[in-house]
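Novice: Spelled out from the first residue to the last, the chains are:
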Amino acid sequence: MTAPEDLDAVVTAAQRGDETAFRLLYRTQQPALLRYLRVLVGEDAEDVASEAWLQIARDLRAFSGDWDGFRGWTATIARHRAMDLLRAQRRRPQASAPIEFLTEMSAGDDTADRAVELVSTDAAVALIASLPQEMAEAVMLRVVVGLDANTTGKILGRRAGAVRTAAYRGLKQLAARLPPPTEERRPDPWSRPVTTSAAPALKEMR
Amino acid sequence: MSTPEEWPMDRTTAESLLRGDRTGHPLDRVLAAASAPAGDRELAGEAAAMAAFRAAAQTPARRRPSAVRSALAKLLTLKVAAVAFATTATIGGVSLAANTSTLSGPAGVAEPPVTVSRPAQPRPSTPAPSRTRPSASRPASTPASPSGPSTRSSAPDRTTELCREFGRRDRDWNDERFRELERRAGARNRIDRFCGFPAGSRTGDPRRTTGWPKPGSSAEPRR
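Chains A and B, in that order, give the protein sequences.
Just so you know, we're using my numbering here: the first sequence kicks off at 1 and counts up by one.
Just so you know, we're using my numbering here: the second sequence kicks off at 207 and counts up by one.
For the record, the hints were derived by calculation from the structure and aren't laboratory data.
Nothing false has been slipped in among the hints.
Some residues of chain B that are not near chain A, with every Cβ distance over 12 Å (derived):
no., residue
1, 363
2, 371
3, 382
4, 385
5, 388
6, 389
Restraint ranges, calculated between C-beta atoms of paired labels, are given here:
no., chain 1, residue 1, chain 2, residue 2, range
7, A, 88, B, 253, 24 to 34 Å
8, A, 47, B, 212, 34 to 44 Å
9, A, 3, B, 234, 14 to 24 Å
10, B, 252, A, 3, 14 to 24 Å
11, A, 159, B, 216, 13 to 23 Å
12, B, 222, A, 159, 13 to 23 Å
13, A, 76, B, 261, 14 to 24 Å
14, A, 159, B, 257, 35 to 45 Å
Just so it is clear, CB atoms sit at the ideal spot from N, CA and C, and this is done for glycine as well.
Use the sequences and the hints to build the structure in full.
Specialist: This is the structure we're talking about:
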């Protein structure tokens, strides 16, 4: 991982047209954008991310800022492109869409189990995406994109305090969905039959 | 550390988790997984992004908020001149021939406006006609200082004309010519200095009732 202060210089180099620098920016920032977009638009995240990078590449020379600013700027672009898509499709963001899925989450918590036990990136992002949108966005922008509360607030059009509260409530809900900490209920993936839960995993549902 | 029912969460722990600290909370692992390094699958769009980057490098820079004015001066001068031509041709007041000669002149090589207004320096002699500015040919009887901003090196005819129009008429800011002048000066409140008017800094009177070349006077070298 490149240190942030080095990435400041990388941003500048990319703005001057340095391809290697831009490639590094892409590789560093794309995963965060993609995962954030997954919370917003689900399976369309790849397409929306591609659109966002087209705009980033086109407007990079007009951008003014360092690596921190670049992260916020690209997240803003990604969010705008996601909202464009949602508007075009006249649908709500992914996180609040499948109501039966939320029921599954609170009842079976199989996805939560998997998130903790397997700790795959997909499962973790899916778990966060199951939160109400404002909480999911706050958590993703702060944890995955790595923005502070102020920047996150600007992107979401909310005050920093509201962002902190949303992120806190999101984490509280996530914690509540984790397997309870009591020893006898702690899941043991090695001894438990794979077919225990009837609830389908998130990936299977999509 | 925890209740039997569920994992606790408080604001302090939440802030630590959000910052990426290890807290000992099981969400550590979830959040770490969510921000894990990229998988190859996630970088599948790299080639397309690089292609977009190369394509953008081949086209002129667009929308530079940090340099809007210089971009305007460089990119829009011709368009503005064309619009101004149409406007003046419609409204009248300036002959078609004058406009034509203006358009064929140095309109495309305008400097970034920031560099235009330099500190006023004494100009004891009148510059060459092609670079004459209103200030340079101001009647000597006016109370205004004989000094003015140094002569601009580009688009003097058009600027002279715009400045003259600006001083002659009531300021109608909807007039395209005045907007062009505003662009050239960089800002509305810089037009006085830009045109070499006796601005408040010298006369204390921002109005240009004095020291302003009159139509038909010697201030119009091209007529």
